[in-house]
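Using the hints, position chain B against chain A.
Number of protein chains: 2
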Amino acid sequence: MGIEIERKFLVVSDEWKRLAEPVFMRQGYICSLPGRVVRVRIEADSAMLTMKGKSSGISRGEWEYAIPLMDAEELLRNLCEQPLIEKKRYRIAIDGLVWEVDEFLGDNAGLIIAEVELLSEEQSVILPNWVGEEVSHDHRYANANLFKHPYTRW
Amino acid sequence: MGIEIERKFLVVSDEWKRLAEPVFMRQGYICSLPGRVVRVRIEADSAMLTMKGKSSGISRGEWEYAIPLMDAEELLRNLCEQPLIEKKRYRIAIDGLVWEVDEFLGDNAGLIIAEVELLSEEQSVILPNWVGEEVSHDHRYANANLFKHPYTRW
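If you read the sequences in order, they're chains A and B.
So the first sequence is residues 1 to 154, counted in UniProt numbering.
So the second sequence is residues 1 to 154, counted in UniProt numbering.
Among the hints, erroneous ones may be present.
[Unchecked claim] In silico DSBU-like cross-links for lysine-lysine, where the CA-CA straight-line distance does not exceed 35 Å: (1) B/K8 <-> B/K148; (2) B/K17 <-> B/K54; (3) A/K148 <-> A/K17; (4) B/K88 <-> B/K17; (5) A/K148 <-> A/K88; (6) A/K54 <-> B/K88; (7) A/K54 <-> A/K88; (8) A/K54 <-> A/K148; (9) B/K54 <-> A/K88; (10) A/K8 <-> A/K148; (11) B/K54 <-> A/K54; (12) A/K148 <-> B/K54; (13) B/K88 <-> B/K8; (14) B/K54 <-> B/K148; (15) A/K148 <-> B/K148; (16) A/K54 <-> B/K148; (17) B/K148 <-> B/K88; (18) B/K8 <-> B/K54.
Bear in mind the hints are in silico, worked out from the structure with no lab data behind them.
The shape of chain A in the complex, shown without the other chains (with noise of 0.2 Å):
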């Protein structure tokens, strides 16, 4: 098991754009209750599928597996919850840190989001100054929520 620490946030501007060239992404959830998540993603020629467990605080215990890109596509037509999630992901070093950018496609277009994963809930972050405010525990902006209740309806 992994543990997965995150912090979400939102952006205030458009800075972050030109700092990394964005790989696309399609996923889907098998399930999507609070403490039980399965996700399947496929990220350019590379899938993957992972379960997400509760959280406590902004950790959250994670195991992922590699999988075959057809099996995972089978998968995101067949057993996956609709519809499909699709976000561009912009991934920016600064610091010694990883901002994810994830810019939402379809029916959340519109909603952009700044993750970073840390090594301690302590850890302390410089926030970059395209960083606004923090989300991390807005179950509103989980993607296992926006297939659901998606951006461009809230």
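Just chain B, lined up with the frame of chain A:
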């Protein structure tokens, strides 16, 4: 994706028991909806993560991955619905087919199910004399149902 084509029967005697040595299995479900199953199974020292899709007759899409034993222990404890299913499985080769006889334990003690996996829905099967009523289409006997409605409480 593999296709699982499987027929399932009750047994009418104990004759199968002397035909194989059992292995002990422990399994649980992260998701147990009819068309969307995510199962974690430990058999001896190895562990599998299995996804199953919608049934069509006795056929069903199946995606299966070996995972580390320790991950499986964590997933069974933290993400799977409780209680887990525990059973002894006897694998018996007869006439070119492998019969799997599951002797359930715990809350399902007393239940014994014989399964045979086929290459096509039309494949003919010679039933051993210890095989009784077919229950392929009886959802009560699905493992994903047995932990919720265990046999001893039927």
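Tested hints:
Restraint check for B/K8 and B/K148: the C-alpha separation of about 19 Å stays at or below 35 Å, so the hint holds. About 32 Å separates the Cα atoms of B/K17 and B/K54, which keeps this hinted pair within 35 Å; it holds. Our distance criterion of 35 Å between C-alpha atoms is met by A/K148 and A/K17, whose separation comes to about 27 Å. Distance check on the hinted pair: B/K88 and B/K17 sit about 11 Å apart at the alpha-carbon level, within 35 Å; holds.
Distance hint between A/K148 and A/K88 is fulfilled; the C-alpha atoms sit about 19 Å from each other, no more than 35 Å. Pair hint A/K54 plus B/K88 holds up; C-alpha atoms about 31 Å apart against a cutoff of 35 Å. Under the criterion of a C-alpha separation no larger than 35 Å, the hint pairing A/K54 with A/K88 is consistent with the structure, at around 26 Å. A hinted pair counts as satisfied when its Cα atoms are at most 35 Å apart, and A/K54 with A/K148 qualifies at roughly 19 Å.
Distance hint between B/K54 and A/K88 is fulfilled; the C-alpha atoms sit about 31 Å from each other, no more than 35 Å. Taken as a hint, the A/K8 and A/K148 pair is honoured in the structure, with Cα atoms around 19 Å apart against an allowance of 35 Å. Of the pairs offered as hints, the one joining B/K54 and A/K54 holds, with about 27 Å between alpha carbons and a cut-off of 35 Å not exceeded. Among the hinted pairs, A/K148 with B/K54 is consistent with the structure: their alpha-carbon atoms are about 21 Å apart, no more than 35 Å.
Restraint check for B/K88 and B/K8: the C-alpha separation of about 16 Å stays at or below 35 Å, so the hint holds. Between the alpha carbons of B/K54 and B/K148 the distance comes to roughly 19 Å, so the proposed pair stays at or under 35 Å and holds. Simply put, A/K148 and B/K148 have alpha-carbon atoms about 27 Å apart, close enough for the 35 Å limit, and the pair holds. A hinted pair counts as satisfied when its Cα atoms are at most 35 Å apart, and A/K54 with B/K148 qualifies at roughly 21 Å.
Of the pairs offered as hints, the one joining B/K148 and B/K88 holds, with about 19 Å between alpha carbons and a cut-off of 35 Å not exceeded. The hinted pair formed by B/K8 and B/K54 meets the criterion: a straight-line CA distance of about 17 Å does not exceed 35 Å.
Checked against the numbered hints given earlier, the structure satisfies every one of them.
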